[in-house]
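Modelling step: build the complete structure from the supplied sequences, incorporating the hints.
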Amino acid sequence: MPNLGATEILIILGIVLLLFGGRKLPELARGSGRALRIFKSEIRESEQEEKKADSTPRSIDPASTERRDDPTV
Numbered sequence: 002m003p004n005l006g007a008t009e010i011l012i013i014l015g016i017v018l019l020l021f022g023g024r025k026l027p028e029l030a031r032g033s034g035r036a037l038r039i040f041k042s043e044i045r046e047s048e049q050e051e052k053k054a055d056s057t058p059r060s061i062d063p064a065s066t067e068r069r070d071d072p073t074v
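The opening position of the sequence shown corresponds to residue 2 in this note's numbering, with each subsequent residue numbered one higher.
Incorrect hints may have been included.
[What the hints assert, rightly or not] Listed next, with one range per pair, are the computed distances between beta-carbon atoms: (1) 32 - 5: 16 to 24 Å; (2) 5 - 43: 24 to 32 Å; (3) 10 - 38: 19 to 27 Å; (4) 34 - 5: 18 to 26 Å; (5) 5 - 31: 35 to 43 Å; (6) 50 - 4: 33 to 41 Å; (7) 6 - 35: 27 to 35 Å; (8) 44 - 4: 40 to 48 Å; (9) 23 - 54: 20 to 28 Å; (10) 46 - 13: 27 to 35 Å; (11) 22 - 44: 28 to 36 Å; (12) 22 - 53: 28 to 36 Å.
[To be verified] With a cut-off of at most 20 Å between alpha-carbon atoms, the simulated SDA-like pairs for lysine to any residue come out as follows: (13) 25 - 10; (14) 25 - 12; (15) 53 - 30; (16) 25 - 7; (17) 41 - 53; (18) 41 - 51; (19) 53 - 37; (20) 53 - 36; (21) 52 - 36; (22) 25 - 37; (23) 25 - 35; (24) 41 - 52; (25) 25 - 42; (26) 52 - 40; (27) 25 - 15; (28) 53 - 35; (29) 41 - 25.
By construction, these hints were calculated from the structure, which means they are not laboratory data.
We put the CB at the ideal spot given by N, CA and C, even for glycine.
Laid out in C-alpha cells, this is it:
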C-alpha cells in the first residue's frame, strides 16, 4: 500500500465532501465510529473466550484411559 501524504489525503477528503455533502459527513463518521467500536469489542470478547478455553483444565474420562489386561475385550 502506498504512503499517502498530506496532499493526497486532502484531495480524498475533498472528493468525499463533494460526493456526500457537508450534512452527511457527521452521520457517516458517527456510523463508522460505532461500527469500529462494535468490531473491536467483538474481537476482545473472542480473545477472552479463547484465553478461557485455553486455561480451563480439560476433564479426562477415566474409562477411556483405563488399562485393560484382557486382550479379548
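Okay, the hints, checked on the actual structure:
Taking 16 to 24 Å as the suggested C-beta distance range, the pair residue 32 and residue 5 conforms, at roughly 23 Å. At about 28 Å, the beta-carbon gap between residue 5 and residue 43 stays in the expected band of 24 to 32 Å. The hint said 19 to 27 Å for the Cβ distance between residue 10 and residue 38, and at roughly 23 Å that hint holds. Roughly 21 Å separates the CB atoms of residue 34 and residue 5, a value that falls within the hinted 18 to 26 Å.
In this structure the supplied range 35 to 43 Å is violated for residue 5 paired with residue 31, their Cβ-Cβ distance being about 24 Å. Taking 33 to 41 Å as the suggested C-beta distance range, the pair residue 50 and residue 4 conforms, at roughly 37 Å. For the hinted restraint 27 to 35 Å between residue 6 and residue 35, the CB-CB distance of approximately 29 Å keeps it satisfied. The supplied range of 40 to 48 Å is broken by residue 44 and residue 4, whose beta-carbon atoms lie about 26 Å from each other.
Judged by the Cβ atoms, the range 20 to 28 Å given for residue 23 and residue 54 is violated: they are separated by roughly 48 Å. Here the CB-CB span from residue 46 to residue 13 is close to 33 Å, well matched to the stated 27 to 35 Å. Checked against the hint of 28 to 36 Å, the pair residue 22 and residue 44 passes, with Cβ atoms roughly 33 Å apart. Between residue 22 and residue 53 the CB atoms are about 47 Å apart, so this pair departs from the stated range of 28 to 36 Å.
Proximity of residue 25 to residue 10 is assessed by CA-CA distance (about 19 Å); at most 20 Å being required, the pair is judged to hold. With a C-alpha separation of about 18 Å, the suggested pair residue 25 and residue 12 falls inside the 20 Å cut-off, and the hint holds. Between residue 53 and residue 30 the alpha-carbon distance is near 35 Å, which puts this suggested pair outside the 20 Å criterion. Between the alpha carbons of residue 25 and residue 7 the distance comes to roughly 23 Å, so the proposed pair goes past 20 Å and is violated.
Taking the CA atoms of residue 41 and residue 53, the gap is about 18 Å. The hint holds against a cut of 20 Å. With a C-alpha separation of about 15 Å, the suggested pairing of residue 41 with residue 51 holds against the 20 Å cut-off. Taking the CA atoms of residue 53 and residue 37, the gap is about 24 Å. The hint is violated against a cut of 20 Å. Among the hinted pairs, residue 53 with residue 36 is inconsistent with the structure: their alpha-carbon atoms are about 26 Å apart, more than 20 Å.
Proposed proximity of residue 52 and residue 36 is contradicted: the alpha carbons are some 25 Å apart, above 20 Å. For the suggested pair residue 25 and residue 37, the alpha carbons sit about 18 Å apart, so the restraint of at most 20 Å is met. In summary, the hint linking residue 25 to residue 35 is supported, as the alpha carbons are separated by about 16 Å, within the 20 Å threshold. Straight-line distance between C-alpha atoms of residue 41 and residue 52 comes to about 17 Å, which keeps the hinted pair within the 20 Å bound.
Between residue 25 and residue 42 the CA atoms are separated by roughly 26 Å; this puts the pair beyond 20 Å, and the hint is violated. Using a Cα cut-off of 20 Å, the hinted pair residue 52 and residue 40 holds, with the two alpha carbons roughly 19 Å apart. Only pairs whose Cα atoms come within 20 Å are accepted, and residue 25 paired with residue 15 is accepted, the gap being roughly 14 Å. The hinted pair formed by residue 53 and residue 35 fails the criterion: a straight-line CA distance of about 27 Å is larger than 20 Å.
This hinted pair does not check out: residue 41 and residue 25 have alpha carbons roughly 24 Å apart, beyond 20 Å.
In terms of the numbered hints stated before, the structure departs from hints 5, 8, 9, 12, 15, 16, 19, 20, 21, 25, 28, 29, listed from lowest to highest.
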